[in-house]
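Participant: As a plain string of letters, each chain reads:
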Amino acid sequence: MTSTITPDTSATAVISVEEQQFNDLIEADSRIEPRDWMPEGYRKSLVRQISQHAHSEIIGMQPESNWITRAPSLKRKAILIAKVQDEAGHGLYLYSAAQTLGATRDDMTDALIAGKARYSSIFNYPTPSWADMGSIGWLVDGAAICNQVPLCRASYGPYGRAMVRICKEESFHQRQGFEILLELMAGTEEQRQMAQDSVNRWYWPALMMFGPPDDDSPNSAQSMAWKIKRHSNDELRQRFVNMLVPQAAVLGVTLPDPDLHFNEETQQWDLGVIDWTEFHEVLAGRGPNNAQRLQRRRDAHDEGAWVREAAVAYARKQSARTEEMAAS
Amino acid sequence: MTTPGDSAAEIWPLWEVFVRSNRGLSHVHVGSLHAPDETLAVRNARDLYTRRSEGVSVWVVPAAAITTSDPDAKGAFFESPAGKNYRHASYYSKSEGVKHL
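Protein chains in written order, with our numbering: chain H, 5 to 332; chain S, 8 to 108.
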């Protein structure tokens with residue numbers, strides 16, 4: 005059997021038994037588990053994707069935690085705290101999944117705070133109004149769900165299982181965001197304006213969350229051959245817009261794309277041109293809040309250093325005491 | 008391959024988490040976490056894996072303490088049951104139609 009997932013291997017080259025086993029598992033749509041043999045490229049690619057995903061969840065706590073102290077009611081405050089706690093949890097599921105590939109938590113954290121690791125560029129946008137809590141839930145978490153549901157079937161077992169848990173929790177996030185916007189849209193003229201203004205600011209960045217267009221996405225083909233990724237960026241983006249249009253009608257908000265129109269032929273919503281310069285600028289660290297987000301993560305890491313050190317010292321003391329008692 | 012979590016570069020070890028969702032059911036593996044000792048591992052497991060009443064009991068086990076079968080020997084190691092379908096009730100078809108069997 006010639007393999008489609010190792011294009012650099014010539015047809016005559018001998019594939020090792022392990023590699024053949026790996027190829028067969030991928031081919032059969034089965035799962036790869038932590039102690040299985042896997043190509044170095046597969047491992048690297050997964051560590052990169054899972055750790056970037058984990059960093060996004062952790063940095064993603066910041067734009068929302070910003071509103072915890074100013075939530076308009078006790079109920080909304082409790083909901084927002086629960087949501088931000090979920091994001092922390094998602095980051096932790098994912099870091100653990102990356103650790104099963106041999107990555108260490110400390111290395112991943114160091115890469116993030118040193119500014120060497122990437123996270124989703126969406127979290128570099130500011131949240132100046134309460135309506136942004138609604139837009140983040142509806143648009144940002146909505147786009148995340150669209151991206152993540154297919155990842156539940158990713159070929160690497162621990163990643164897929166983490167995604168199943170995450171997706172279950174994200175649906176609460178999306179609905180609570182939708183509800184915030186719905187309530188604002190049923191409010192005063194000023195509140196409706198606040199909701200619309202927020203949707204205007206988040207719509208395009210949310211569409212950019214699916215990544216660059218297919219003809220400019222270098223890692224996609226390999227990732228799809230390995231069945232880590234199941235659909236292309238443009239395919240998922242289209243699916244998302246098709247879902248958004250009727251939802252926007254329920255809310256009574258306008259999507260800020262004058263070229264958005266229904267294509268009778270394809271039965272899809274055709275969208276206008278995305279400003280990819282903005283995407284690349286934010287990715288390159290020149291977004292509105294990049295520096296602030298990283299600085300805050302760095303400060304939290306430094307301020308928590310004594311807690312980590314104390315916990316390790318205590319654990320060492322306890323295990324020494326247990327050994328002593330066992331010896332006597 | 009090194010055991011996940013068993014690394015000098017890692018200050019806190021990796022733990023595997025098992026949750027019993029209800030009395031009468033087994034503990035089932037739900038994922039891993041990172042903690043300095045067993046006490047904190049149990050507390051972290053509660054916060055991380057049971058925020059929506061998913062469980063009534065939690066086990067944590069250091070990932071490095073788990074012994075597994077060799078994944079490469081998959082075929083040979085689990086070969087023994089092959090061809091022994093007489094170990095299943097469905098092998099015995101002559102009693103079909105007889106009640107309470």
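Just so you know, the hints here were simulated from the structure itself, not pulled from any lab data.
A hint or two may mislead.
[What the hints assert, rightly or not] A few chain S residues facing chain H, derived, Cβ under 8 Å:
1) W19
2) L21
3) R30
4) L32
5) V35
6) H41
7) P43
8) L47
9) T57
10) E103
[As the list claims (entries may be wrong)] Partial chain H-side listing against chain S, Cβ under 7 Å, derived:
11) R109
12) Q272
13) G276
14) I278
15) A319
[Stated by the list, open to error] Pairwise CB distance ranges (calculated):
16) H:Q89 x S:H95: 32 to 40 Å
17) H:D220 x S:S60: 43 to 51 Å
18) S:V105 x H:Q226: 20 to 28 Å
19) H:D238 x S:V49: 42 to 50 Å
20) S:I73 x H:A324: 47 to 55 Å
21) H:G119 x S:S87: 52 to 60 Å
22) H:K172 x S:H95: 55 to 63 Å
Glycine included, each C-beta is placed from N, C-alpha and C at the ideal position.
Participant: With reference to the structure, classify each hint as holding or not holding.
Facilitator: Tested hints:
no.	hint	in the structure
1	W19	7 Å, holds
2	L21	5 Å, holds
3	R30	23 Å, violated
4	L32	18 Å, violated
5	V35	11 Å, violated
6	H41	5 Å, holds
7	P43	4 Å, holds
8	L47	6 Å, holds
9	T57	11 Å, violated
10	E103	34 Å, violated
11	R109	5 Å, holds
12	Q272	36 Å, violated
13	G276	40 Å, violated
14	I278	36 Å, violated
15	A319	4 Å, holds
16	H:Q89 x S:H95: 32 to 40 Å	47 Å, violated
17	H:D220 x S:S60: 43 to 51 Å	45 Å, holds
18	S:V105 x H:Q226: 20 to 28 Å	58 Å, violated
19	H:D238 x S:V49: 42 to 50 Å	45 Å, holds
20	S:I73 x H:A324: 47 to 55 Å	24 Å, violated
21	H:G119 x S:S87: 52 to 60 Å	54 Å, holds
22	H:K172 x S:H95: 55 to 63 Å	35 Å, violated
Checked against the numbered hints above, the structure breaks hints 3, 4, 5, 9, 10, 12, 13, 14, 16, 18, 20 and 22 and satisfies the rest.
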